[in-house]
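My request is simple: use the sequences and hints to build the entire structure.
What follows is the residue order along each chain.
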Amino acid sequence: MHDDGFDGELLEEELRQAATILDPVPAQLRQLAVEAFALHDLDARIAELTFDSVVDAIPVRGATDVPRMLTFRAGEVTVDVEVSAQGLLGQVLPPQQARIEVLGGPQTATSVVADDMGRFTSDAPPTGPFALRLRTGGETVVTEWLRA
Amino acid sequence: MRVGTVPSAAYDDLPYTRGGTVDRADVGALVQSAVDGDAAAWKALVEGLSPLVWSVVRAHRLGDADAHEVYQTVWFRFAQHLGRIREPEKAGSWLASTARHECLKVLKSLRRLTVTSDPQLLDRVSEDRTPEQSVLDSEEAAAESERIRWMWQEFEELGERCRQLLRVLMASPPPSYQEVSAALGIAVGSIGPLRQRCLRRLRARLDARGAL
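So the protein lines, in turn, are chains A and B. If you read the first sequence in my numbering, its first letter stands for residue 23, the second for the next number, and so on. If you read the second sequence in my numbering, its first letter stands for residue 110, the second for the next number, and so on.
These aren't lab readings, by the way, just hints derived from the structure by calculation. Think of the CB as a built atom: it goes at the ideal place given N, C-alpha and C, for glycine as much as any other residue. Check each hint, because a few of them may be wrong.
Not everything, but these chain B residues come out facing chain A in the computed CB check (under 8 angstroms) [to be verified]:
(1) Val155
(2) Trp163
(3) Glu211
(4) Met260
(5) Arg304
(6) Arg309
Simulated restraints, written as ranges between beta carbons of each label pair [what the hints assert, rightly or not]:
(7) A/Ala60 x B/Arg309: 44 to 50 angstroms
(8) A/Arg67 x B/Ala174: 29 to 35 angstroms
(9) B/Arg310 x A/Thr149: 37 to 43 angstroms
(10) B/Glu253 x A/Pro89: 49 to 55 angstroms
(11) B/Gly319 x A/Ala107: 50 to 56 angstroms
(12) A/Leu32 x B/Glu255: 17 to 23 angstroms
In structure tokens form, the structure reads like this:
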């Protein structure tokens, strides 16, 4: 259907140039993506998100500032996490001690410890994307990256 | 990469693998090299596919803060899943689809928060000066700059469907139709005709304005 000589190809190319100038990928974001290569870890098992209250829960009428509930699972290991303005509150199941790193990006991590019951807390609420890296027994489990 | 055997006459003249044959051919190989620890391959993936991820985020009209976080989440997750992605040659579609889902989640949580007003949903062009903009600011290029801004303004005022589609199509390098489909959740076969219609609409707006 090009009988009227309309050249969509050319117009699209002009739009592409406009986007490159007016709405490019911010340089600092591109750099973060480059640095994200450090997050590549073939040895860790990924705990996938199996429940997210933002998506899976029925909203409570009138309730504001409700903590976000997340569940991650990797095989037998389950990690429940509650994210609120106060920080993180979580539990590893089956209950067990674990060393946990709260990752905030390729270069940000804070350490917390899960007690005998698998419970852990962190006073620092995640401010952007985050993941938990758990070392328990002989294995490492990392939760899927998620936007807090 | 061709999906189904639809008669090509029913669609736009562009093949489904638009862009794919040239710019996307190496994606599978780059993913494999990155899995093997090649940081340069990873960087090449970021360079080649970042604009696609960004375009998906922008197509969904996220505010700057949310846009930045979704972009990061998508790349962090991609790094995490690297080596576990079933079809490495379709990494672009994986990224586009992940970006779309994260965007929809943000929009859902914003609605849920019953925000008083939604300033975050307003698309804003970054105020940061890019090198290209600085060049455009020179006097000789002022007219060109004006023309580009007009075009952008008219693009922004297109209907939502067209604005979304064109924002993703204009990523650089051009995405394949598979990637556009993953980015917006629309069938590959409907992209060509829709694209043509949207570009015509934009052309008409520009003509009405007397621009270009």
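Hint check results:
| no. | hint | in the structure |
| --- | --- | --- |
| 1 | Val155 | holds (5 angstroms) |
| 2 | Trp163 | holds (4 angstroms) |
| 3 | Glu211 | holds (6 angstroms) |
| 4 | Met260 | holds (5 angstroms) |
| 5 | Arg304 | holds (7 angstroms) |
| 6 | Arg309 | holds (6 angstroms) |
| 7 | A/Ala60 x B/Arg309: 44 to 50 angstroms | holds (46 angstroms) |
| 8 | A/Arg67 x B/Ala174: 29 to 35 angstroms | holds (31 angstroms) |
| 9 | B/Arg310 x A/Thr149: 37 to 43 angstroms | holds (40 angstroms) |
| 10 | B/Glu253 x A/Pro89: 49 to 55 angstroms | holds (51 angstroms) |
| 11 | B/Gly319 x A/Ala107: 50 to 56 angstroms | holds (52 angstroms) |
| 12 | A/Leu32 x B/Glu255: 17 to 23 angstroms | holds (19 angstroms) |
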